[in-house]
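Colleague: Sequence:
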Amino acid sequence: MKTFSQLKKAVAGVATGLALFGAGVYVTSSATQVSANTTNNLKTGDVNLNVKSAIAIDAKTGQVLYAKNANEKRETASMSKLMTLYLVLDAIDNKKLSWDQKISPSAGAVKVSQNTNYSNVPLKADHEYTVRDLYRATVIYSANGAAMALADQIGGTQQKFIDMMRAEAKKMGIKDAEFYTANGLNNGDVEQDKYKGAPDSATNKMSANDVALLSQKLIQDHPEVLKTTSIKEAKFDNGDTKTDMPNWNWMLKGLTKSYSALPVDGLKTGTSDTAGANFAATVHKDGHRVITVVMGARHQNDQDTARFEETQKLMSYVYNNYTYTNVKSGLNFKKDSQLPVYHGKDLTIPTKTSKCTHIWLEKGVDVDSVTGKVSGNKKLYKKNGLEAPIKKGQKVGSYKLTVKGQETPFVNGSNGFKTQAVASQADKKANIFVIGWRAVKGLF
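All the letters of the sequence shown, read from the start, carry residue numbers 1 to 444 under full-length UniProt numbering.
Note that these hints are calculated values from the structure, not bench results. Treat each hint with caution, since some may be false.
Computed beta-carbon distance windows for the label pairs [unchecked claim]:
no.: 1; residue 1: S375; residue 2: T325; range: 21 to 29 Å
no.: 2; residue 1: D237; residue 2: D46; range: 42 to 50 Å
no.: 3; residue 1: K392; residue 2: A198; range: 53 to 61 Å
no.: 4; residue 1: T325; residue 2: R438; range: 41 to 49 Å
no.: 5; residue 1: K235; residue 2: D200; range: 44 to 52 Å
Calculated pairs, DSBU-like style, for lysine-lysine (alpha carbon to alpha carbon, straight line, at most 30 Å) [to be verified]:
no.: 6; residue 1: K392; residue 2: K352
no.: 7; residue 1: K205; residue 2: K111
no.: 8; residue 1: K382; residue 2: K355
no.: 9; residue 1: K392; residue 2: K170
no.: 10; residue 1: K400; residue 2: K373
no.: 11; residue 1: K196; residue 2: K175
Here a beta-carbon is modelled for each residue, glycine too, at the ideal position from N, C-alpha and C.
With these hints in hand, go ahead and build the complete structure from the sequences.
Modeller: The following block contains the structure:
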């Protein structure tokens with residue numbers, strides 16, 4: 001039998017419960033997403049690539065489809081210009097630069113541009129060039145002096161521009177990149193414009209994973225870059241002379257290493273004696289875009305095509321061994337689809353996915369292998385559950401989708417797909433008597 005003291009406590013509990021209900025007291029919590037480390041190796045036994053590191057990702061979602069030593073930092077050489085191009089296009093979007101704006105190159109940029117040991121269009125100190133001309137020279141012909149002229153215009157000095165490159169890398173989630181020059185040459189190679197405090201031998205470095213992440217950001221934020229990366233050849237007008245600019249990407253349609261089944265339209269090569277041959281590439285096939293990066297391919301001479309052959313193997317592997325699969329909306333996953341409700345007529349509510357999701361599934365893996373677990377949006381919580389009332393179809397959280405029998409890592413370090421979760425049905429707020437009775441029951 002309950003004592004009078006216990007009943008007194010119960011009544012007090014009801015009063016407290018009603019008071020809290022009436023006052024609308026909120027207990028909030030913040031959800032912190034902790035990303036896993038990026039994937040270093042995935043499916044390396046399925047295709048033999050003669051490179052030091054490599055990666056293949058879906059350009060839209062960032063799903064990693066292949067990785068070989070993808071976290072190991074290596075010299076990027078001219079692939080560094082991808083970050084320079086990103087900042088140029090950002091400056092254009094933000095009205096800090098315009099395509100027809102004239103630039104007078106600095107003495108340092110002119111000197112580097114006239115070094116025939118590097119890929120260049122020769123610049124003249126007494127001549128002005130448009131942003132468009134310098135941009136095209138940087139993209140198509142990997143012109144080192146042109147990249148420096150653009151960097152000077154944006155940053156004011158090479159050193160300030162390098163600081164911008166470093167800051168942008170961190171903003172993208174690239175944490176351990178090394179940048180010393182805007183064009184990918186060694187620090188000492190840019191002579192008077194070298195980064196102060198760093199040795200002449202200092203060189204730009206990134207992992208294949210981070211080059212892929214940078215490439216993804218470039219294409220997503222500035223898709224217009226592909227209009228220029230896909231140009232096979234152009235001419236650079238230097239006033240009294242014109243310089244031929246053949247594209248170093250020999251996988252473009254009509255060039256020596258093009259492959260009809262793989263319509264490559266970008267992105268950037270990079271080469272040095274110590275780095276070997278690098279290539280960040282992208283292909284749009286069957287309505288889906290893939291990004292690949294190979295680093296440290298064979299480089300016996302300037303005519304060596306190894307990086308393109310290895311890229312072709314990697315791209316072919318992806319399209320031959322994965323199926324781009326539509327995971328329909330409206331899915332729920334039984335007990336893993338329920339969320340708690342605070343002061344609801346029902347104390348839990350079923351949820352479902354609200355949008356279609358696209359996943360690359362390995363051949364032989366069925367869409368029924370996709371599983372999911374829901375997480376509530378803590379901003380909608382009061383105490384330990386979603387605050388009632390809840391409408392049918394209301395956004396209430398997100399699902400993390402994984403695949404049984406297949407790893408699904410992402411270039412940003414996360415694991416599994418996220419998609420929106422909505423309430424499958426409505427849940428009205430319970431009346432004051434039900435809430436009070438629940439408070440009483442909770443005491444016993």
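Colleague: Any hints from earlier that this structure breaks? Give me their numbers in increasing order, please.
Modeller: Of the numbered hints, 5 and 9 do not hold.
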